[in-house]
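> What follows is each chain in one-letter form.
2 protein chains.
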Amino acid sequence: MLSELELIERIRRMARFKDALSLGIGDDCAIYRPRAREELLFTTDQMIEGVHFLADHKPRDIGARALARSLSDIAAMGGTPRFCLVSLAVPPNHDRWIDAFYRGLLTVGNRYKTALAGGDLSHAEKIYCDVMVCGSIARGKALRRDGARAGDSIYVSGKLGKPWDRPIQPRLTLGRQLVGRATSCMDISDGLSLDLHRLCIASGVAAELDRIPIAPGSTLDRAFNGGEDYELLFTLPAKRRAPRGTIRIGKIVRGTPGEIRFEGRAIEPRGYDHFRK
Amino acid sequence: MLSELELIERIRRMARFKDALSLGIGDDCAIYRPRAREELLFTTDQMIEGVHFLADHKPRDIGARALARSLSDIAAMGGTPRFCLVSLAVPPNHDRWIDAFYRGLLTVGNRYKTALAGGDLSHAEKIYCDVMVCGSIARGKALRRDGARAGDSIYVSGKLGKPWDRPIQPRLTLGRQLVGRATSCMDISDGLSLDLHRLCIASGVAAELDRIPIAPGSTLDRAFNGGEDYELLFTLPAKRRAPRGTIRIGKIVRGTPGEIRFEGRAIEPRGYDHFRK
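Keeping their order, the protein sequence lines are chains A and B. Residues 752 to 1028 in this note's numbering are what the first sequence lists, from first letter to last. Residues 752 to 1028 in this note's numbering are what the second sequence lists, from first letter to last.
Just so you know, the hints here were simulated from the structure itself, not pulled from any lab data. Misleading hints may appear alongside valid ones.
Straight-line alpha carbon distances no greater than 27 Å define the calculated DSSO-like cross-link-like pairs of lysine-lysine that follow [stated by the list, open to error]: (1) Lys990/A x Lys910/A; (2) Lys877/A x Lys877/B; (3) Lys990/A x Lys892/A; (4) Lys809/B x Lys877/B; (5) Lys910/B x Lys809/B; (6) Lys809/B x Lys892/B; (7) Lys809/A x Lys809/B; (8) Lys809/B x Lys877/A; (9) Lys892/A x Lys864/A.
Given the sequences, and given the hints that come with them, work out the whole structure.
Okay, here's the thing in structure tokens:
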């Protein structure tokens, strides 16, 4: 079993992609030097054993997923990821687990040019991690949830209701394509019904859906109410052409903010809520 | 018991101090607009039930402590805190606990002008939190661990070996005073012997100590090896005057990097290591 200093040194050597940072792993803080005219995006997501994954899942997949979920939030704002901080707590005798976790996380980090800037390591009875990602976007250009207007078309970036444990492909390229075009955007992490409800409340509008694209082998219920799809949900003015591969599912209308109708019937927002009664 | 949306709305209303942010709680990401010529500092620290605190500790104190620990890292780099992200996981039926936790955290946030920019809420069997703080410093001015040179005097910002659960006063004012003066700086979070060892390794030097300031009621062993003091440890060129209230404890010397001597005897780095054999 390695000491904390030895573990941190191993992780530091694994983390090769450091372009974005003035100072990386090893001091009290990491240092980032902002570029001219950029705004910075910040998001963080927890992955907890028994809640978001099971103890027998592969550590490599857990590490990859932990980073990909936060990258999906950067995609939803139209941003480009710069670096991440990773907090991890594990039971004793998890040296090899920690190695595999970071290997999975850094594979995703290298693919999407996201540097590992630092973090925190601790013990705990169960595995816990929290990944913060910082992304970059031109000033004032971030895609938000509050800009959908009556008449806009509603789109998703792919079929919904996929298995919760498949690898996540954060839609970073699509997000950047939507900058300056979409009137609103967010990622679907808790299910279409709940996330579209949130988007409509933020924008003060309602939605009418006429088509739900269901992933092969899935059901309409899972497409509406399953979590963890990590597709983008966005709105475009009616006449604007949508990027290739995206699917129109309905339109924004005036009405009680947050109300969603599908084929004329009201839909309850029943996606994943950690604090549901 | 409240839903996740209701809980987030309550927290959003509690978080009044938002000057630093272009966009706060409620979207996929928070947005920060960097100021001219600033560099940004990033640090994150976990607080886990059964590891860093016990279930019967007051949630208000836990929230205050969770933020103060990360602010201490910003102080150690000479920075000014700007905002934080808070990840929190709690067992069911903890609505009042969550309220009190955020009340404690926001009291510290308001005192040190640190905005609550966002975070993540989840369920878990035990209480877990992770607080990321972003701070600001003029370009190239951050205090680091790797600048101590032979002949420098070593200082601490206060007496050591204090009870681990007393309130933390992050040394932000002192940290800023040291910018442009100290050759190295870090905070003592794992005990003087281990943290000075780390500073000496980063700087490639050794240390000779002649005085250890012991907190009332504490012992030399706790002052050396107890964690959680959150005082600053820093070095100044021999002729430079130290800020008021700081205590000289020895000097930097040439020698095996990381080696520490006290009154002529070698000291083992035995502070707190989460992964100690």
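> Does each hint hold? Answer for all of them.
Results of checking the hints against the structure:
no.: 1; hint: Lys990/A x Lys910/A; verdict: holds, 23 Å
no.: 2; hint: Lys877/A x Lys877/B; verdict: holds, 9 Å
no.: 3; hint: Lys990/A x Lys892/A; verdict: holds, 21 Å
no.: 4; hint: Lys809/B x Lys877/B; verdict: holds, 15 Å
no.: 5; hint: Lys910/B x Lys809/B; verdict: holds, 26 Å
no.: 6; hint: Lys809/B x Lys892/B; verdict: violated, 38 Å
no.: 7; hint: Lys809/A x Lys809/B; verdict: violated, 36 Å
no.: 8; hint: Lys809/B x Lys877/A; verdict: holds, 23 Å
no.: 9; hint: Lys892/A x Lys864/A; verdict: holds, 21 Å
Checked against the numbered hints listed earlier, the structure breaks hints 6 and 7; every other hint is satisfied.
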